[in-house]
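Student: Kindly generate the complete structure, drawing on both the sequences and the hints.
Residues per chain are reported as follows:
Protein chains: 2
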Amino acid sequence: MTPSDANTLSSQVNAYQLRQLIRQGEFTCNTSGYASGYVQGNVVILPKDWAGDFLQFCQLNPKPCPLIAMSANAGDFTLPELGQDIDIRTDVPGYRLFEQGNLTQEPTDIKSLWREDLVTFILGCSFSFEEALIADGLEIRNITENKNVPMYHTNIACKRAGRFSGDTVVSMRPMLAKDAIRAIQICSRFPAVHGAPIHFGSPEHIGIENIDSPDYGDAVTIKAHEVPVFWACGVTPQLVLAQTKPPFCITHSPGKMLVTDISNSSLAIL
Amino acid sequence: MTPSDANTLSSQVNAYQLRQLIRQGEFTCNTSGYASGYVQGNVVILPKDWAGDFLQFCQLNPKPCPLIAMSANAGDFTLPELGQDIDIRTDVPGYRLFEQGNLTQEPTDIKSLWREDLVTFILGCSFSFEEALIADGLEIRNITENKNVPMYHTNIACKRAGRFSGDTVVSMRPMLAKDAIRAIQICSRFPAVHGAPIHFGSPEHIGIENIDSPDYGDAVTIKAHEVPVFWACGVTPQLVLAQTKPPFCITHSPGKMLVTDISNSSLAIL
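Line order of the protein sequences matches chains A and B. Taken in order, the first sequence gives residues 654 to 923; the numbers are from this note's numbering. Taken in order, the second sequence gives residues 654 to 923; the numbers are from this note's numbering.
These aren't lab readings, by the way, just hints derived from the structure by calculation. Think of the CB as a built atom: it goes at the ideal place given N, C-alpha and C, for glycine as much as any other residue. Incorrect hints may appear among the rest.
As the list claims (entries may be wrong) - Partial list, derived from the structure: chain B residues whose beta carbon lies under 8 Å from chain A:
1. Tyr669
2. Ala849
3. Pro850
4. Val880
What the hints assert, rightly or not - Calculated lysine-lysine pairs in the DSSO-like style (CA-CA distance at most 27 Å, straight line):
5. Lys764/A with Lys701/A
6. Lys831/B with Lys876/A
7. Lys831/B with Lys701/B
8. Lys831/B with Lys800/B
9. Lys701/B with Lys764/B
10. Lys831/A with Lys876/B
11. Lys898/B with Lys831/A
12. Lys812/B with Lys831/A
13. Lys898/A with Lys716/A
14. Lys812/A with Lys831/B
15. Lys876/A with Lys701/A
16. Lys898/A with Lys812/A
17. Lys831/B with Lys716/A
18. Lys764/B with Lys831/A
Tutor: Spelled out as structure tokens, the structure:
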């Protein structure tokens, strides 16, 4: 399936069906907008001797690294609590292999790379809370403007866990104050997908020098009377991994997520 | 009991005991800080032919006018759901009588003013949510600085109900953004005591010209990196009543509230 074919794929295709298409190599696009209503996850796969530190890093930094599942045992490529028949080696549209922190391959499956010592981590992503905000009638500027959400390095240090440390990366969505208050209420219900924002207002208070020049993604319009609202972002663990340089690490390709059978609403704690 | 005697009153005196002292004329001070942990309420007493409009006004404007109880029938001076043996004619340390919108008396009981057509409304007050914020470790600047909370007229119109209309009055507490986010979470649990803030940041966006010159209460220090956070305020109905000028209306004197037997925590919806 080419990207233009993908555009004609029914939005009614369910998560299981989409994973089957991905596994068969018939869907290699970004997953945003597909299987709407279902959780999509960031993927991190590490050797067992690095997995303990990373698990602790997630536990200590749940806002940038909200862990929604991990493999039961090293070498196990299934994730039964996230969906029917998931095979993490084949069911993601694109992968990235990092060796010593260097991007060395971008395969569409990792069967040939699989090892018996690999541990899989799935982290929640902002798609879930964006859906909840839109359902409440709030505008998400990056979606309205058809851009990638702007993301920024901050000076907010994550808590160190073993070999892993680094600063928090945030995503930003501009809103009127009254909408930001509502967004805080809604996102507080979803700690598994980054939870409530961690800052609003002055970017320089968290070490962002130029709001119009994001470190990742695209700048978006900030209208009169709007304030930038900042959420902890799933790029944080990717940056920490790039800095820590484990000898072997596989992630999803940006935008090409694991699509699960878990409904977004089931993540709500309230 | 004089104010200096009141200062020596045990903070362990319970709400019922405090109301008994008030009824006997032995406590005529502000109630802030007494019977801590228990809901204190704003009092509005109106003739029956104005009560319907006021009830609707509260229903339409729950953030400035969170109704926690009203008398079961006109002429009834008890409020059994709020506490043991409450007599609204005697159990508030100070009252104000407004006739045609003019303050004409400030009695310490209203037995001689009581009429068979009077309906009592009790509205939640900010003491309850301030207690919840302090319990969470947040600083409330007006308390730290031993001042009355600063309050401001805004351009946020209340919804009209019959003869009642007017703009929202807000109270302001300065906070760091991260603390404001936490305050929004905590206050969202307490819709019966004004609920979540309605604005933060630029005062001019809600019609406040000078944050250092509140319309009521005292200015407080706004420190570097703090933003003003604005809550709908119980002065709103008092202003609306003053503008609407019913022929007869009794309220509590500012700061001299009805102390109830309802715990603040019991108002939490989550």
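Student: With a cut-off of 27 Å on the C-alpha distance, tell me whether Lys831/A and Lys876/B pass.
Tutor: With Cα atoms ~23 Å apart, Lys831/A and Lys876/B stay inside 27 Å; holds.
Student: For Lys764/B and Lys831/A, compute the direct alpha-carbon distance and say whether it is at most 27 Å.
Tutor: It is violated: about 44 Å lies between the C-alpha atoms, which goes past 27 Å.
Student: Given the proposed pairing of Lys876/A with Lys701/A, does the C-alpha separation stay at or below 27 Å?
Tutor: Not OK: Lys876/A and Lys701/A at ~47 Å, beyond 27 Å, violated.
Student: Between Lys898/A and Lys812/A, does the CA-CA distance stay at or below 27 Å?
Tutor: Distance ~18 Å between Lys898/A and Lys812/A Cα, so the pair holds.
Student: Holds or violated: Tyr669/B as interface residue toward chain A, Cβ cutoff 8 Å?
Tutor: violated, 34 Å
Student: Does the structure keep Lys831/B and Lys716/A at a Cα separation of 27 Å or less?
Tutor: Holds: Lys831/B and Lys716/A sit about 13 Å apart, inside 27 Å.
Student: Next pair to validate is Lys701/B with Lys764/B; report whether the Cα-Cα distance is within 27 Å.
Tutor: Holds - the C-alpha atoms of Lys764/B and Lys701/B are around 18 Å apart, at most 27 Å.
Student: Hint check: Lys831/B vs Lys701/B, CA-CA at most 27 Å. Holds or violated?
Tutor: Not OK: Lys831/B and Lys701/B at ~46 Å, beyond 27 Å, violated.
Student: If you draw a straight line from the CA of Lys898/B to the CA of Lys831/A, is it 27 Å or shorter?
Tutor: Distance ~32 Å between Lys898/B and Lys831/A Cα, so the pair is violated.
Student: Checking hints one by one. Is Val880/B an interface residue toward chain A, by the C-beta closer than 8 Å rule?
Tutor: This interface hint holds because 6 Å falls under the 8 Å limit.
Student: May I ask you to test the interface hint for Pro850/B with respect to chain A, counting a Cβ-Cβ separation under 8 Å as satisfied?
Tutor: holds, 6 Å
Student: Have a go at the Ala849/B hint: is there a Cβ in chain A nearer than 8 Å to its own Cβ?
Tutor: Interface hint status for Ala849/B: holds (6 Å vs cutoff 8 Å).
The structure shown violates the earlier hints numbered 1, 7, 11, 15 and 18.
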